Structure formats: structure tokens, C-alpha cells
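Chain by chain, the residues:
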Amino acid sequence: MTDGGDLGWWGVLIAVMGGAIRVSTPYLFVSLGETLTEKGGRVNLGLEGILVMGAMSGYGTAVVTGEPWLGVIVAGCAGSALALLHGLICNLTRVNDIAVGISLFIFGTGLAFFLGKPFINPSAPRLPHLELGAWSSYPQVRSALEINALFIIGVVLAFVLAWGLKNMKWGLILRTVGDSTEAATALGYNVNWVRTMGTVAGGFLSGVGGSFLSLYYPGTWNEGLSSGQGLMAVALVIFARWNPIYCFYVSLLFGGATALGPALQTVGITSNYYLYGAAPYFLTLGLLIYSSSTKHSLAGAPGEVSISR
Amino acid sequence: MFGSTFNNGLEAVVINAAALILTLAGFGVFVALFGHNPLDVFYILYLGAFATQLSIENTLTQSAPLMLTALCTAIPARAGLLVIGGEGALVVGGVATVLVGVHLGHLPPWAGVLIMGLAGSIAGGLWIGAAGALRQYRGVNETIATLLMNYIAIAIMSHLVSGPIRDFDQVLKTSSWSIPESLMVSTVPGLDVHWGLAVGVATCVILYVIMRQTTFGFGVDILGGNPRAAQMAGLPINRMVLVCCFIGGAGAGLAGTMEIIAVHGFASESLVVGFGYAGILIAFLARQNPAAIIIVAILVGGISASGGLMQRRFDLPDATAAVLQGMLFVMVLASNTAYGRFKIFQLKAN
Numbered sequence: 001m002t003d004g005g006d007l008g009w010w011g012v013l014i015a016v017m018g019g020a021i022r023v024s025t026p027y028l029f030v031s032l033g034e035t036l037t038e039k040g041g042r043v044n045l046g047l048e049g050i051l052v053m054g055a056m057s058g059y060g061t062a063v064v065t066g067e068p069w070l071g072v073i074v075a076g077c078a079g080s081a082l083a084l085l086h087g088l089i090c091n092l093t094r095v096n097d098i099a100v101g102i103s104l105f106i107f108g109t110g111l112a113f114f115l116g117k118p119f120i121n122p123s124a125p126r127l128p129h130l131e132l133g134a135w136s137s138y139p140q141v142r143s144a145l146e147i148n149a150l151f152i153i154g155v156v157l158a159f160v161l162a163w164g165l166k167n168m169k170w171g172l173i174l175r176t177v178g179d180s181t182e183a184a185t186a187l188g189y190n191v192n193w194v195r196t197m198g199t200v201a202g203g204f205l206s207g208v209g210g211s212f213l214s215l216y217y218p219g220t221w222n223e224g225l226s227s228g229q230g231l232m233a234v235a236l237v238i239f240a241r242w243n244p245i246y247c248f249y250v251s252l253l254f255g256g257a258t259a260l261g262p263a264l265q266t267v268g269i270t271s272n273y274y275l276y277g278a279a280p281y282f283l284t285l286g287l288l289i290y291s292s293s294t295k296h297s298l299a300g301a302p303g304e305v306s307i308s309r
Numbered sequence: 001m002f003g004s005t006f007n008n009g010l011e012a013v014v015i016n017a018a019a020l021i022l023t024l025a026g027f028g029v030f031v032a033l034f035g036h037n038p039l040d041v042f043y044i045l046y047l048g049a050f051a052t053q054l055s056i057e058n059t060l061t062q063s064a065p066l067m068l069t070a071l072c073t074a075i076p077a078r079a080g081l082l083v084i085g086g087e088g089a090l091v092v093g094g095v096a097t098v099l100v101g102v103h104l105g106h107l108p109p110w111a112g113v114l115i116m117g118l119a120g121s122i123a124g125g126l127w128i129g130a131a132g133a134l135r136q137y138r139g140v141n142e143t144i145a146t147l148l149m150n151y152i153a154i155a156i157m158s159h160l161v162s163g164p165i166r167d168f169d170q171v172l173k174t175s176s177w178s179i180p181e182s183l184m185v186s187t188v189p190g191l192d193v194h195w196g197l198a199v200g201v202a203t204c205v206i207l208y209v210i211m212r213q214t215t216f217g218f219g220v221d222i223l224g225g226n227p228r229a230a231q232m233a234g235l236p237i238n239r240m241v242l243v244c245c246f247i248g249g250a251g252a253g254l255a256g257t258m259e260i261i262a263v264h265g266f267a268s269e270s271l272v273v274g275f276g277y278a279g280i281l282i283a284f285l286a287r288q289n290p291a292a293i294i295i296v297a298i299l300v301g302g303i304s305a306s307g308g309l310m311q312r313r314f315d316l317p318d319a320t321a322a323v324l325q326g327m328l329f330v331m332v333l334a335s336n337t338a339y340g341r342f343k344i345f346q347l348k349a350n
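Chains as they are written, first to last, in my numbering: chain A, 1 to 309; chain B, 1 to 350.
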């Protein structure tokens with residue numbers, strides 16, 4: 001790396017920050033999606049399947065129509081459809097939401113690989129990005145400051161959702177349903193319907209997160225596209241204490257941690273590559289062990305969510 | 001007592017059969033949408049899974065690791081825990097097998113295999129046991145902990161395989177040192193299926209007997225059914241949870257051992273192919289019953305086994321088997337809601 005050498009450790013820092021922005025976008029969308037789902041009182045482990053389905057359908061739409069933004073919307077709708085399936089099945093009694101999520105994970109990825117076979121070769125138009133680094137003569141700085149459009153949408157969305165969950169009627173209803181089935185029923189809300197809607201909204205966001213993978217970074221469709229970002233959503237949300245704004249910070253942290261290994265490689269540190277890559281998981285487990293207690297449930301957790309009891 | 005057990009069993013069979021038929025109907029519609037005759041596809045499904053000796057052997061080979069990883073969810077579930085760490089425990093078991101196995105070339109094969117099996121199951125058992133301990137003594141949710149530990153296990157393996165235990169003579173694939181050729185196990189006599197099948201079936205049967213016939217198994221069922229009652233009865237809850245987690249993890253670890261000593265001979269990314277996640281669903285489909293796991297695992301293995309034939313005959317993508325499996329899992333889980341709704345199965349219970 002001749003052009004990376006002159007920046008040295010600064011290059012690593014810049015690469016980690018740039019990577020944080022780039023890699024964090026799918027994390028941001030799935031964690032916001034899972035937050036909406038869990039605020040309603042359910043856990044959807046099927047976001048992994050939804051993410052892959054979103055990546056495939058978004059890419060396919062962009063290939064066929066040439067419109068990447070249409071791909072994003074179709075990805076969201078595909079995600080909603082799968083999430084609706086999760087929501088409806090979990091409305092039945094004696095059905096375990098975690099198990100349904102895992103079956104949806106297998107079904108969604110299987111379906112995406114099945115339908116996505118024809119799209120492995122053609123290339124789709126990519127989503128746009130802002131060039132905020134044009135002032136710099138360093139290519140590393142320029143590439144780190146290529147801010148993709150979905151990232152900006154995601155950040156705005158995080159703040160909107162945080163505000164809406166706190167102040168708007170739907171936010172209050174969703175939180176009531178998530179905290180106490182009895183209270184929500186007594187107030188006359190259809191608990192199952194609200195939870196299903198929370199799950200569907202979460203599925204839309206996760207589908208959009210998937211389209212980022214195929215339409216921006218890495219910007220291609222293949223069967224090894226996702227590295228478990230959807231399954232990690234559940235852990236991210238715990239880390240973020242079910243708060244959309246924390247979801248944003250946590251996504252940046254996870255994105256940065258994921259970018260650390262490749263960044264260190266550019267300055268010649270190649271050992272422990274995989275361990276750096278697993279840093280988010282170590283971090284989350286450590287935090288979980290630190291903040292858990294046998295005496296009380298996790299702070300901020302919706303009362304009806306199975307994993308907080 | 002016998003009547004009620006029989007009726008419960010019958011109820012499960014009827015409901016699962018109905019779910020299976022609905023799944024096949026849904027899958028038939030799915031393939032029809034792609035211009036294939038559903039009946040032809042079903043025939044190929046049967047042909048590829050159960051029709052010939054070759055396909056049955058293929059099916060049994062596919063089902064062997066699933067039986068063992070399913071135990072990783074099923075046994076802790078009987079004590080009321082939802083463990084989804086089979087994938088990680090399998091990887092840990094496989095790595096432990098390699099680490100121990102490479103030093104055992106001088107031993108007679110039976111001793112080497114025994115020690116590797118112990119190493120794999122103890123490693124997997126401690127791995128999931130740790131999650132059980134975190135839950136009992138620290139209140140850490142075991143579902144999330146085991147999910148995270150899957151990724152940690154895979155990362156540790158990737159780390160070891162990429163450097164510390166890498167076999168640099170293998171140029172095609174990043175993989176670990178291989179265990180000595182003399183310690184690789186062959187196939188079950190009379191069948192072209194590796195010994196993992198026998199180990200899986202035997203483990204499931206033994207655990208079925210333990211969970212059904214011993215005081216320990218009875219205590220675990222009380223704990224899983226009503227933790228308060230278990231506490232009031234003075235059962236050693238912490239110890240029981242730890243033992244269940246250890247047994248479950250040991251099952252998945254043993255699956256890792258069998259993958260190493262019967263299939264690969266070395267640790268690599270090939271260990272991470274979703275056996276753990278499929279195992280979770282098999283445990284749910286079998287309603288956490290170790291004996292039923294054997295049957296469900298063979299059924300699911302059959303779907304995987306017929307995937308190749310479906311691909312060749314109809315030019316369907318290889319993900320077709322995953323679509324069918326996913327549909328089956330979704331349908332059977334949804335059918336859980338039907339239990340207790342049909343009076344006919346309750347009559348003799350009273």
C-alpha cells in the first residue's frame with residue numbers, strides 16, 4: 001500500500017471511520033427494524049432472512065428497471081411481506097416467536113437464493129452518495145467521506161423514530177402493547193394487530209437494509225452477501241437499550257469494529273484479523289454479562305419481550 | 001396414564017402429518033408457478049430421499065449431524081431454556097477434536113476415536129454449559145448469549161485455522177492440520193453411511209431413556225413445566241440447568257467430532273453450514289423429545305438429500321431444498337397452535 005503508507009496510523013483511523021459509516025448502514029436499518037418489532041413485544045430472529053430477501057429483490061428490481069431507488073422500495077415491501085408472515089404466525093397461541101424467526105431465516109435465505117439465481121451475473125446501478133471529501137488530496141479521506149444516501153436516511157429515521165416512539169400516538173400504543181398485554185387489552189387495543197404492525201414495519205426497514213448490501217456496499221448480489229447482520233440485530237438492540245438513537249451509535253460502533261480488521265491489514269497487521277472481526281460479538285456479550293442480573297430484567301427492555309424475562 | 005400418553009402421541013402424529021401435507025401442497029403451488037408439474041417434483045423428492053438404497057444412505061448421512069445438534073436445543077428446552085447455540089458448539093467440538101486428535105496418531109484407533117469424542121463433547125458441553133451458568137448465576141439471557149457465542153466460536157475457529165493451526169500444505173482451502181489417517185472412522189457395516197449416524201441415533205435413544213425413566217429426567221420436566229414447583233420441591237435447579245446445558249452442548253460438540261473424524265479430517269469453514277440452526281427447528285418439530293428427533297432429522301435430511309436430484313432433473317436452483325425445509329419449519333411451528341383444540345384426543349385423558 002504505497003498511497004496508504006504516508007498516512008500510517010492516521011490511515012487506519014480514517015479507514016475505520018469511513019468503514020464505520022459504510023458498514024454501519026445495514027446494522028442501523030436492521031436494529032431500527034428490530035427495535036420497532038421488540039417495542040411491540042415480539043422478537044424477530046428472521047430479520048436475517050428478510051435482509052437477504054431484501055438484498056435479492058432490491059438488486060433484481062434495479063437490474064430489471066434500472067432504478068435503484070425502486071429497488072429499495074421493493075426490498076422494503078418484500079421484507080414487510082415476510083415479516084407479516086412472522087407476525088401472523090406469532091398471533092397464534094403457543095407459537096414461539098424465536099423459533100418462527102429462525103424458520104423464517106432459513107425460508108427467507110432459501111427463497112432469496114432460489115429466486116435470485118438469475119441475478120448473480122448482471123450488474124445493477126448503484127445507489128448515489130455524497131462526496132463530502134472532495135477538498136482532500138488523500139484518496140483515503142475522499143473514500144471515507146463518500147456518505148451514502150441510505151445512511152443519511154437511516155440517521156434521520158433514527159431520530160424521527162426516537163421522537164415518534166416517545167411523543168406520537170402510535171409510539172405510545174406500540175410501547176404500551178410491548179410493556180403489558182393486560183394494560184393494552186384493558187385500554188381496548190388489539191394487541192396482536194399492533195404487534196403484527198410493529199413486526200411489519202420492522203421488516204420493511206430490514207428489507208431496505210438488505211438492499212443497501214446489494215445496491216451500494218458491497219454492491220453486488222451473491223449468496224455470501226450477508227454475514228449475519230440480521231441475526232445480530234437482536235444483540236444490537238439490547239446493546240442500544242431499545243432506543244433508536246442509541247441504535248445509531250451502536251451501529252457506528254459495530255461498523256467501526258467490523259472495519260478494524262481490514263484497516264489494520266493496510267498497515268501490515270494481518271494477525272488476529274478474525275478476532276477483530278468478532279469484536280462486536282465479544283463486546284455485546286461482555287456488556288450483556290455486565291448489565292444483567294438475576295434480580296431484575298435489563299433496563300429499558302419492553303416487558304413482554306421474551307428475551308428480557 | 002398410558003391412554004393419555006398414547007393420545008398425546010397420536011395427536012402429535014396427526015397434527016404433524018397435516019402440517020406436512022399442507023407444506024407439500026404449498027410447495028406444489030410454488031413449483032407449479034415455475035412451470036413444473038408438482039406430482040413430478042414430489043416423485044423426484046421421494047426418489048432422491050427414500051426410494052433407493054443410495055438415496056436412503058444419502059438421507060441418513062445428511063440427518064446424522066442434525067440429530068446431535070437438535071439435542072443442543074432439545075435437552076435445555078426440557079428445563080425451560082431456549083438455547084440456539086448448536087452452530088457454535090459444533091464448531092467448538094470440531095476444533096477441540098482436531099487439537100486433540102493430531103497428537104493421538106500413536107494410539108490404537110479405538111482409543112484415539114474415544115478420546116476425540118470425549119474432547120469434542122466436553123468442549124461443546126462446557127461451551128453451552130457456560131451459557132447456562134451465565135443465566136443461572138448472572139441472569140444473562142441464554143438465547144442471546146448462545147447466539148453471540150455462535151459468532152465467537154466461528155471467529156475463534158477462523159482465527160486458529162488462518163494461522164496458529166493452519167496446514168500450509170493445503171493450498172486450495174484454508175484449513176487446519178488434519179488428524180492422522182489412522183483415526184478416521186469409516187462407514188457403518190452394510191450401509192454406506194458414516195458412523196455419525198449410529199452415534200446420533202444411540203445418543204438420542206440414551207437421552208430419551210434418561211429423560212423419560214430417571215429421577216433426573218422427571219425433575220427436569222418439573223423444572224421446565226413449572227420452575228416455582230421445582231423450587232418448592234427443593235430440586236437442585238442450578239445444577240439441573242447446568243447439566244442439561246452441558247448434555248445439549250455435548251451433543252452438538254459430538255456432531256463436530258463426527259464431522260471431523262468421519263467427513264473432513266480437518267477443521268475449516270465447511271463446519272459452518274447451518275447444521276446448528278436446522279437442529280434448533282428439528283428440536284421444536286420433535287417437541288423436544290429425543291426419540292422423535294431421530295425421525296424428524298431423517299425427514300429433514302431427506303429433503304436435503306433430494307435437493308441435488310431436483311436440481312439435475314428440473315434445473316431448479318439448489319436452494320429449492322432450503323425453500324421446502326423453510327416452508328416445513330414454518331408450517332409445523334404454526335401447527336403448534338392446534339394442540340389441545342381437538343376434543344377427540346382428549347377423551348381418554350380423563
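It is possible that part of the hints are untrue.
To be verified - The following label-pair restraints were derived from C-beta to C-beta distances:
id : chain 1 : residue 1 : chain 2 : residue 2 : range
1  : B       : 236       : A       : 296       : 37 to 43 Å
2  : B       : 14        : A       : 65        : 33 to 39 Å
3  : A       : 166       : B       : 315       : 34 to 40 Å
4  : A       : 241       : B       : 43        : 28 to 34 Å
5  : B       : 137       : A       : 269       : 46 to 52 Å
6  : B       : 35        : A       : 156       : 26 to 32 Å
7  : A       : 10        : B       : 34        : 34 to 40 Å
8  : A       : 227       : B       : 14        : 37 to 43 Å
9  : B       : 189       : A       : 293       : 50 to 56 Å
10 : B       : 22        : A       : 290       : 29 to 35 Å
11 : A       : 293       : B       : 218       : 27 to 33 Å
12 : A       : 290       : B       : 37        : 26 to 32 Å
13 : A       : 224       : B       : 233       : 24 to 30 Å
As the list claims (entries may be wrong) - What the simulated footprint calls covered on chain A by chain B, stretch by stretch (three residues with Cβ under 8 Å from a Cβ of chain B suffice, anywhere in the stretch; the number is not a length):
id : stretch
14 : 200–209
15 : 273–285
To be verified - A few chain A residues facing chain B, derived, Cβ under 7 Å:
id : residue
16 : 69
17 : 70
18 : 93
19 : 98
20 : 123
21 : 126
22 : 130
23 : 170
24 : 171
25 : 227
26 : 235
27 : 290
28 : 293
Everything labelled a hint here was simulated from the structure, so no lab data went into it. Please read all numbers here as calculations on a predicted model, not as lab measurements. Backbone N, C-alpha and C define an ideal beta-carbon position, used for all residues, glycine too.
Here is how each hint holds up against the structure:
The given range of 37 to 43 Å is broken by residue 236 of chain B and residue 296 of chain A, whose C-beta atoms sit roughly 24 Å from each other. For the pair residue 14 of chain B and residue 65 of chain A, the supplied restraint of 33 to 39 Å is violated, since their beta-carbon distance comes to about 48 Å. Roughly 53 Å separates the CB atoms of residue 166 of chain A and residue 315 of chain B, a value that falls outside the hinted 34 to 40 Å. For the pair residue 241 of chain A and residue 43 of chain B, the supplied restraint of 28 to 34 Å is violated, since their beta-carbon distance comes to about 54 Å.
The hinted range of 46 to 52 Å is not satisfied by residue 137 of chain B and residue 269 of chain A, whose Cβ atoms lie roughly 37 Å apart. Checked against the given bound of 26 to 32 Å, the beta carbons of residue 35 of chain B and residue 156 of chain A, roughly 44 Å apart, lie outside it. A hinted range of 34 to 40 Å is violated for the C-beta pair residue 10 of chain A and residue 34 of chain B, which are about 54 Å apart. Checked against the hint of 37 to 43 Å, the C-beta distance between residue 227 of chain A and residue 14 of chain B comes to roughly 41 Å, which is consistent with it.
One distance hint, 50 to 56 Å for the beta-carbon pair residue 189 of chain B and residue 293 of chain A, holds here, with the actual separation near 54 Å. For residue 22 of chain B and residue 290 of chain A, the hinted distance range of 29 to 35 Å is not satisfied, since their beta carbons lie about 46 Å from each other. At about 31 Å, the CB distance of residue 293 of chain A to residue 218 of chain B agrees with the hint of 27 to 33 Å. At about 58 Å, the beta-carbon gap between residue 290 of chain A and residue 37 of chain B misses the expected band of 26 to 32 Å.
For residue 224 of chain A and residue 233 of chain B, the Cβ-Cβ distance of about 50 Å falls outside the hinted range of 24 to 30 Å, so the restraint is violated. Taking a C-beta to C-beta cut-off of 8 Å, the stretch 200–209 of chain A contributes 0 residues in contact with chain B, too few for the three needed, and the coverage statement is violated. A stretch counts as covered by a chain when three or more of its residues have a beta carbon under 8 Å from one of that chain; for the stretch 273–285 of chain A and chain B the count is 9, and the coverage holds. Restraint check, residue 69 of chain A versus chain B: the minimum CB separation of about 27 Å is more than 7 Å; hint violated.
Interface restraint check: residue 70 of chain A against chain B, minimum CB-CB distance 23 Å, threshold 7 Å, status violated. A cut of 7 Å between beta carbons decides the hint on residue 93 of chain A: the least distance to chain B is about 5 Å, and the hint holds. With a cut of 7 Å, the hint placing residue 98 of chain A at the interface with chain B holds, because the nearest CB-to-CB distance is about 6 Å. Using the Cβ-Cβ criterion of 7 Å, the hint placing residue 123 of chain A at the interface with chain B is not satisfied: the shortest such distance is roughly 20 Å.
Taken as an interface hint, residue 126 of chain A does not check out: its beta carbon lies about 25 Å from the nearest beta carbon of chain B, beyond 7 Å. This hint is violated: residue 130 of chain A has a C-beta 32 Å from the nearest C-beta of chain B, more than the 7 Å allowed. Checking residue 170 of chain A against chain B: minimum C-beta separation of about 27 Å lies over 7 Å; hint violated. Proximity of residue 171 of chain A to chain B is violated relative to the hint, the smallest CB-CB distance being about 25 Å (cut-off 7 Å).
Interface restraint check for residue 227 of chain A: the shortest CB-CB distance to chain B comes to about 9 Å, outside 7 Å, so the restraint is violated. With a least beta-carbon distance of about 6 Å to chain B, the hint placing residue 235 of chain A at the interface is held under the 7 Å criterion. Checking residue 290 of chain A against chain B by beta carbon gives a least distance of about 9 Å; that is not within 7 Å, so the hint is violated. Taking 7 Å as the C-beta cut-off, the interface hint given for residue 293 of chain A holds, the closest approach to chain B being about 5 Å.
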